[in-house]
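Peer 1: In the order they appear, the protein sequences are chains A and L. Read in the working numbering, the first sequence has 61 at position 61, and its numbers run on one by one without any break. Read in the working numbering, the second sequence has 7 at position 7, and its numbers run on one by one without any break.
The set of hints was computed from the structure by calculation and includes no laboratory data. Watch out, some of these pointers could steer you wrong.
[As the list claims (entries may be wrong)] For the chain L half of the interface with chain A, some residues (derived, Cβ under 10 Å), not all of them:
1) 117
2) 136
3) 138
4) 141
[Said to hold, decoys possible] Facing chain L, from chain A, some residues (calculated, C-beta under 7 Å):
5) 14
6) 15
7) 16
8) 20
9) 21
10) 42
11) 59
12) 62
13) 65
14) 68
15) 69
16) 71
Note that the Cβ used here is the ideal one computed from N, Cα and C, for glycine as well.
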Amino acid sequence: MNAITLKRLMCLGCGFSYDEALGLPEHGIAPGTRWADIPEDWICPDCGTSKSQFEMVVIGYADGGPLLAQSA
Amino acid sequence: MTQSFVLRAGERGHDVIYSEGSASSYVAGHPGSFISRESSFNFHQYQSGRPGFGAVRVFGDETFHGAGCGYNMHPHHNFIICAFVLEGELTHINTAGRGTVDQLRQGDYYVFSAGSGGKHCELSISPEDMHAIYLWLMPNQLYLPPSYLRAHFDLRTRRNRIVQLVGDSDGALPVAQDLRVSRLVTDRRTACTYTQRSPEHGTYVFVKEGELRSGDVTLGPRDSLGISGVGKIECEAADTTDVFLVETVMLDAGGLSAWEQEHGDHH
Chain A
1 MNAITLKRLM CLGCGFSYDE ALGLPEHGIA PGTRWADIPE DWICPDCGTS
51 KSQFEMVVIG YADGGPLLAQ SA
Chain L
1 MTQSFVLRAG ERGHDVIYSE GSASSYVAGH PGSFISRESS FNFHQYQSGR
51 PGFGAVRVFG DETFHGAGCG YNMHPHHNFI ICAFVLEGEL THINTAGRGT
101 VDQLRQGDYY VFSAGSGGKH CELSISPEDM HAIYLWLMPN QLYLPPSYLR
151 AHFDLRTRRN RIVQLVGDSD GALPVAQDLR VSRLVTDRRT ACTYTQRSPE
201 HGTYVFVKEG ELRSGDVTLG PRDSLGISGV GKIECEAADT TDVFLVETVM
251 LDAGGLSAWE QEHGDHH
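Next comes chain L alone, as it looks inside the complex:
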């Protein structure tokens, strides 16, 4: 059965977290630094609304404003956290294995699996704003060995087709979940088809910029669409468009379906 929802930009969660005051132990940066966060799904206690999609628990785009702004070192277990840097420079520090200090710029992305326990720190050191998309994913096993992988998506050479960034394709970063993250960047009008692993999978389609049409739905900047129960997703992107597609196994954990029934927004 086909199920879908449309989440418009204005319906997403919106938070501003300052480096001063109650969040000061969590948020790094000089006084006046702040993080702005637009979340599609429930980000811990900060947002009401749709609690997730398949194995995805967080899909948000965040901007770190001000020199040194970001998240101080803090612990995680189990969650797989991915970041896709859109603008600025992200300094990422983690304790997986022997630990890593990494700096990521436009097109760079990472997959950090906290597994049996890993800490991380996310910072924008320079005065330039840092803008990234963050995903938090449920893993397919608990207490995996912590790991960190990073790669680069070349926006200039990989245009006008859907490119898999995370998943099981050649060149994609592997992830311990039945899940794939792909990206479509266009510089001309592009019609394309995304084929799901099976009709039981679901795909969350997020338009970072530009315009995407799928069936009778037109999505603008920061609008998104979740769809499951279809084999293929046909879409047409406008000439300057950037889209993220997250295909996931549709876990029915944590009362996601109960939330959907209560809110009755599936059709």
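With the rest of the complex left out, here is chain A:
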């Protein structure tokens, strides 16, 4: 797993982020789920923006951020 670069993506509608390493357990997406494996009709859980309107980002987390992101 460490050899694979896991992606982070951000919703251009509202800024909600999806992190492949963390998944979104509250929304039924297990940690490690690749972006490509999320259905094309999936929408942002916060604002309803379509999957295609997410943008890959290379941004680190603030202190405590990953924990908050996983329970978003």
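Knowing the structure of chain A, use the given hints to seat chain L on it.
Peer 2: What follows is chain L alone, placed relative to chain A:
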């Protein structure tokens, strides 16, 4: 390498969103209220065109028409949203920290960082139109603690020089990004030089009103210029001019450079 583009007023995105019909849950106001929005960069699904500039994802000027018009409370994460009020009164409500209800008038501006999650509401309560410039910025860290800061730019006393509103200068509102927003308001012809943090930074120059010349480019109302790869930007403003300058680190995220190559408008 110097790269630049010119975006004329008529090439910007234009949307009118009504408080009735399909957007009624999103747009506040009495029947007949509407928001008009002119966007330089891609505003979510509403516009095609240039998707952003450095850490800037949205640069638009918006007018809320009609009493109670605006955006109902809605959630954000991560994005840093800035508003600069030009006319009218903006009532801004957010949930950062213990929450804020704020009212902003001409010259007032705010920096709202949604971070780990924050909701906001933007309203023009009075029948007077509210006109503001909105910026959405990518932060330098995800899931920061949500925050809200506001300040005032005094148009009467801070004329004929470039004044930093957001960034790391004394008196500017700090922002969690390598980015600075400055403003130049003139009441006489003014020549000035904007020095970038480094030649690798880029600056988006937007003429709100008046006329600005830089090199062989002349910009009129709502025209704009994006430039990177230069140390300094020399410009000359006409005698009644209002200009916003947004200097940003040139992130190469989200396929911005791919879009530029495809459209081949860099020279």
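Peer 1: Each hint should be assessed against the structure and marked as holding or not.
Peer 2: Status of each hint after checking the structure:
Checking residue 117/L against chain A by beta carbon gives a least distance of about 7 Å; that is within 10 Å, so the hint holds. At a threshold of 10 Å, the smallest CB-CB gap from residue 136/L to chain A is about 8 Å, leaving the interface hint in force. Annotation: interface hint on residue 138/L holds; nearest CB of chain A at approximately 7 Å, less than 10 Å. Interface restraint check: residue 141/L against chain A, minimum CB-CB distance 4 Å, threshold 10 Å, status holds.
For residue 14/A, the interface hint holds, since its Cβ comes within 7 Å of a Cβ in chain L; the closest pair sits about 5 Å apart. Because the smallest distance between the Cβ of residue 15/A and any Cβ of chain L comes to about 4 Å, under 7 Å, the interface hint for this residue holds. The restraint placing residue 16/A at the interface with chain L holds, with a minimum CB-CB distance near 5 Å, inside the 7 Å limit. Hint status for residue 20/A relative to chain L: violated, with the closest Cβ pair at about 14 Å, above 7 Å.
About 12 Å separates the beta-carbon of residue 21/A from the nearest beta-carbon of chain L, more than 7 Å, and the hint is not met. A distance limit of 7 Å between C-beta atoms decides the matter here; for residue 42/A the minimum to chain L is near 15 Å, and the interface restraint is violated. Contact between residue 59/A and chain L, as hinted, is supported at the beta carbon level, the nearest pair being about 5 Å apart and thus within 7 Å. The restraint placing residue 62/A at the interface with chain L holds, with a minimum CB-CB distance near 4 Å, inside the 7 Å limit.
A hinted interface residue such as residue 65/A counts as satisfied when its beta carbon comes closer than 7 Å to some beta carbon of chain L; here the least separation is about 3 Å, so the hint holds. A hinted interface residue such as residue 68/A counts as satisfied when its beta carbon comes closer than 7 Å to some beta carbon of chain L; here the least separation is about 5 Å, so the hint holds. Satisfaction of the interface hint for residue 69/A is found here, the shortest Cβ-Cβ separation to chain L being roughly 6 Å, below the 7 Å cut-off. The criterion of a C-beta within 7 Å of any C-beta in chain L is not met by residue 71/A, whose closest approach is roughly 10 Å, and the hint is violated.
Of the numbered hints stated above, those contradicted by the structure are hints 8, 9, 10, 16, listed in ascending order.
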